[in-house]
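> Chain by chain, the residues:
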Amino acid sequence: MFRETDIINVVIAGTAGQGVITLKRLIEFASQKAGIERNFGSEMHGLAQREGAISSHIRYQKKVFENERKNLQSPLICYGDADLYICLEPVESLRRGIFASNKTSFVLNNRTIPGVMITADLEVYPPLNKILEILNSYSKKVYSINATELCLKQFQTNQQLNIFMLGFALPTGKLPFIEIEHYEEVIKEWLRDADLNIKALRLGYQEGKKIILS
Amino acid sequence: MLGNEAIVRGCLEAGVSYVSQYPGTPTSDIGEYFHQIIRGNPEIGEYLVHQWAVNEAVATSSCAGAAWTGCRSFNPMKHVGLNVASDALSVIALNGPNPGGMVIGVGSDPGSLGSHQEQNERFYAWMLHLPTIEPHTPQECKDWTKLAFELSEEYDLVINLRTSTRSAHSRGYVNLDPLKKGKIKGEFIRNIPKFNSLPPHAINNHIRLYERIERLRSAIPGLNLNKVYDGDNKIGIITSGMPFGYTMEALNQLNLYNVPILKLGMIYPLDYKEITDFIQNLDKVIVIEELEPFLETKVSEIAHFNRFSLEVLGSKYFPKSNEFSTGLVADKLATIYGVSPKKTMQDAIKSFNSYKKIIPSRFPTFCAGCPERATLYSILKATNQLENTVVCGDIGCYVMSFFPPQQCSDLIICMSGGLSAAIGMSTKTEQKVLAMIGDSTFFHTGLSPLAEAIGYDSNVLLIIFDNSWTAMTGHQNDVLRYLINKDFSIEKVCRALGVPWLRVEDSYDPKKLTRTIKEALDTKGLKVIIVKRECGLQAHRHRMDQIRYIRNQGRKVQEVIYQITGCQMCHECSRILSCPAIRRVEVEGYETMQIDEDRCIKCGVCYHICPNGAIHKSTINLLEEEVPFRNV
Chain A
-10 MFRETDIINV VIAGTAGQGV ITLKRLIEFA SQKAGIERNF GSEMHGLAQR
40 EGAISSHIRY QKKVFENERK NLQSPLICYG DADLYICLEP VESLRRGIFA
90 SNKTSFVLNN RTIPGVMITA DLEVYPPLNK ILEILNSYSK KVYSINATEL
140 CLKQFQTNQQ LNIFMLGFAL PTGKLPFIEI EHYEEVIKEW LRDADLNIKA
190 LRLGYQEGKK IILS
Chain B
128 MLGNEAIVRG CLEAGVSYVS QYPGTPTSDI GEYFHQIIRG NPEIGEYLVH
178 QWAVNEAVAT SSCAGAAWTG CRSFNPMKHV GLNVASDALS VIALNGPNPG
228 GMVIGVGSDP GSLGSHQEQN ERFYAWMLHL PTIEPHTPQE CKDWTKLAFE
278 LSEEYDLVIN LRTSTRSAHS RGYVNLDPLK KGKIKGEFIR NIPKFNSLPP
328 HAINNHIRLY ERIERLRSAI PGLNLNKVYD GDNKIGIITS GMPFGYTMEA
378 LNQLNLYNVP ILKLGMIYPL DYKEITDFIQ NLDKVIVIEE LEPFLETKVS
428 EIAHFNRFSL EVLGSKYFPK SNEFSTGLVA DKLATIYGVS PKKTMQDAIK
478 SFNSYKKIIP SRFPTFCAGC PERATLYSIL KATNQLENTV VCGDIGCYVM
528 SFFPPQQCSD LIICMSGGLS AAIGMSTKTE QKVLAMIGDS TFFHTGLSPL
578 AEAIGYDSNV LLIIFDNSWT AMTGHQNDVL RYLINKDFSI EKVCRALGVP
628 WLRVEDSYDP KKLTRTIKEA LDTKGLKVII VKRECGLQAH RHRMDQIRYI
678 RNQGRKVQEV IYQITGCQMC HECSRILSCP AIRRVEVEGY ETMQIDEDRC
728 IKCGVCYHIC PNGAIHKSTI NLLEEEVPFR NV
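Line by line, the protein sequences give chains A and B.
Residue numbers are given in this note's numbering: position 24 of the first sequence equals residue 13, and the series is strictly consecutive.
Residue numbers are given in this note's numbering: position 53 of the second sequence equals residue 180, and the series is strictly consecutive.
Everything labelled a hint here was simulated from the structure, so no lab data went into it.
Source: prediction; values computed, not measured.
Some hints here could point you the wrong way.
[What the hints assert, rightly or not] Computed list of lysine-lysine pairs in DSS-like fashion (alpha-carbon distance at most 30 Å, straight line):
#, chain 1, residue 1, chain 2, residue 2
1, A, Lys92, B, Lys645
2, B, Lys483, A, Lys51
3, A, Lys22, A, Lys119
4, B, Lys683, A, Lys142
5, A, Lys59, A, Lys188
6, B, Lys354, A, Lys52
7, A, Lys142, B, Lys729
8, B, Lys683, A, Lys22
9, B, Lys470, A, Lys92
[What the hints assert, rightly or not] From the structure, some residues in chain A lie toward chain B, with a derived Cβ separation under 7 Å:
#, residue
10, Gly24
11, Asn28
12, Phe29
13, Val53
14, Phe54
15, Arg58
16, Leu111
17, Ile123
Using N, Cα and C, we set each Cβ at its ideal position, and we do this for glycine too.
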């Protein structure tokens, strides 16, 4: 369904310590292994330790046009252009919602992480079903799972959450031209606890197949 | 590679042998890459010196010093760093970096993504005659860094390689070239007219600077920095840097493939002929650039000089603040070219606007267990929530003090601007005036206002956060670390300077700190409280390493657990301390606060401050080895 010259647009959104940037780099490094010709994405630095909202854009093009004007030139996605939206935290899926449209597939970790203003009872966290309702108004491809809980149960830690969510997103087909083996190769070369992360990737992939392909 | 990594690679390919900088987003990671490379490659460490300077002016002069021995030196800084460096740079640019080469890498920050303010520092290019190159992709970052050094040496000019937060932190492929070994040692050769820009040499160096710039200007056509995309549309575009990327994709979105585009790699000096040729047959030219109109002013001038009747557009349609994006550029270009924007884009904006109100805020905040947060708690308690009190904030992690719920900072100026403002303010108000400064900022530029405050015995309470790290920018192994290892302390500095009222406190003892702040505010004249407690993040990392080490040896450690039972929901911990390790949850239908075990670093501050005694401390393995936070 994607042509090789198409520009693939992925948004990842989450909050501190969820591994947004690690996930972004993993996909980019895997795309290099997969022989993707152009790759240009943007990441956000400096807030990772400070409870802030974090998002990153991944963009790639398997084959470039001869006409430079049609090619990937910006590290930022245009409004409404996201093919895939990986949301590691529910309310963060709304914060970058401007990049979504009816062509977007959403994969959502539905475990909420309320910020300090919610704890202080000075702001309201919207109910999860309201968030899902908004996402569903974009497209029917909204796939939600409590990945944090699953990871805690399987691995006794939520460190693998981001990799799990990548695996979960693969069956959407919105990361074309990159195979699961490419991710595994990068994980082996580049991440600590490679075996655990590959396990998380595969587990996510299995769960994704169950929910997305059914 | 990231843009910043590519710049480092460019330096290594250019044979750079000296780098000095003060950390600041978006250029901090440049220094971190240099350190990694020096650590991992002893053969590079043989010739390459990287130093974290105490401030940008020091870094810039240090780089000039190295260049004047005939080496190539690189000086990264953030946009506001250039304000600090500009005094030194104005002279260095005049004198010229020869016999070596010197490049500054200024990271601008449209959209204020990691800065306390937004400014268009491109105008320094005009004022200081800084040839300025703006890369767009990581490949350009690498290639043009290398080129910048060649130009610097050839034309005796300090070159500015200007990125933005966006281009510095964008990743793409980079084709590499071989590394070049830098000079291990050079030699300074005496040249009084060149290096002493005082009368009469100052004027001669100024004249020589004009000549050097003109020589570079005439070389622009051969540099391949600028590029023209042909097209028969009568409305053309001139742009540079990251906005070029947004422009290309915006035109793609609008199906406009016939627009002539001039992409400028060098934005100062300009090749007037190139611009004249580009605009002469157009009806309109749009200049697409972030922040204040810099190129637009020059293009208008060129059009006016040639008596062209074309219209120069730019700031009339595009905002003069904040970062651009493909969507924004597409929207504006649709209006100018009279085409309709893509429906997907319009729908996306509409849908987002329909629900954005319900998105709760998620400001950056102090980490769980942060000693600075605990200090703010004590300030709020000691002043009855800042009653009749003004808090002059400053730059560091504590720049976040103004965010709710604590809202414990009334103003921010610049590095050490808080204490400076407090000196003046205290002469004109009966309110209690409190200023904050961190240890890194204290050495950056804080010593001077402190000396002044002592001299005038200003009625100010200065709180110095001594957490022993430059924490905000990512705990660089900077000069602060070297000072600490040399038995250097802020307390000794304060005593030597003659601070009349000085206390050293610990923010993990909030009740005592609160009493001390109260006492200070009841005392006339200058008071200084040094709050000594290591950055929670680093202290926790160190402690966990130690615990792991002990356990790996088969020994047990004493463990402390904090738990909440019988919470009265008074919100003391969530609104006044607001530690992110504390969460509001519902248990069996009742609301209560809960401590998130994963996040809590066991600083114990909440345990000390809970007015209802609902936070309990229990110790497991009481008789085993205790691993406290280290003293620094």
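> So which of those numbered hints doesn't the model satisfy?
1, 2, 3, 5, 8, 10, 13, 14
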